[in-house]
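Colleague: Given the coordinates of chain A, work out where chain B should sit on it, guided by the hints.
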Amino acid sequence: QKEVEQDPGPLSVPEGAIVSLNCTYSNSAFQYFMWYRQYSRKGPELLMYTYSSGNKEDGRFTAQVDKSSKYISLFIRDSQPSDSATYLCAAHGGATNKLIFGTGTLLAVQP
Amino acid sequence: NAGVTQTPKFQVLKTGQSMTLQCAQDMNHNSMYWYRQDPGMGLRLIYYSASEGTTDKGEVPNGYNVSRLNKREFSLRLESAAPSQTSVYFCASTSQGAGTEAFFGQGTRLTVV
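Going down the list, the sequences are from chains A and B.
Using this note's numbering, read the first sequence as starting at 61 and increasing by one per residue.
Using this note's numbering, read the second sequence as starting at 659 and increasing by one per residue.
Keep in mind that the hints were calculated from the coordinates and are not lab data.
Fair warning: there could be bad hints in the mix.
[To be verified] Output of the computed footprint for chain A on chain B, the stretches with three or more beta carbons under 8 angstroms from beta carbons of chain A:
| id | stretch |
| --- | --- |
| 1 | 678 to 684 |
| 2 | 689 to 698 |
| 3 | 714 to 725 |
| 4 | 732 to 743 |
Every residue, glycine too, gets a C-beta built ideally from N, C-alpha and C.
Just chain A, with the same shape it has in the complex (with noise of 0.2 angstroms):
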């Protein structure tokens, strides 16, 4: 069993819509959570990053973590055609300082 687990999607949405993106772990060790974007035939590129517990906005996009649960969410709003891309969550931290993704999540926003 995968240490992050994403839901594979894809997914297509309408412009200006709502996303979310959700993902959970299972290691209580993990402290950092990172979205990161990638787009085709690229390296990913980091989105956005958070500490433990909470919520982070930064513009159109908000990141969420709930350690209790064990669940890490990206919302994106009013969703434009240049978000398509593959969306990875990342988990960081503990004594061995591996970074472990998930899956990915292709999204496509139709114009």
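Modeller: Below, chain B without anything else, positioned relative to chain A:
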């Protein structure tokens, strides 16, 4: 700054051949990682090096070996390539401590026939 540089970008191997994927970073990062990415599987951690002189297995280490040559370089070796190792390989690095951004190379597309 170049960031994280991987070589080669593309490679075709025959079953049983060996090869080494090279990765170098110029950001003075302590931790380096090797991942493989397959359709529907996301990024799976092969090996990582938390600091110079240490290496640890990740999620899918079988069939691979690594060397942390120095602080800048972290190589991945396939001793006897198998078709199941056909994948896109990414190297990444982070600075000391959890929560810091991981920077990725451009990837190596490996096909084993």
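Colleague: Hint by hint, say whether it matches the structure.
Modeller: Taking the hints in turn, this is what the structure says about them:
1. 678 to 684: Coverage by chain A is violated here, the residue count being 0 at a Cβ distance below 8 angstroms.
2. 689 to 698: holds (count 4)
3. 714 to 725: Since three or more residues must qualify, the claim that chain A covers the stretch 714 to 725 of chain B holds, with 3 doing so at under 8 angstroms.
4. 732 to 743: violated (count 0)
When the structure is compared with the earlier hints, violations turn up for hints 1 and 4 and for no others.
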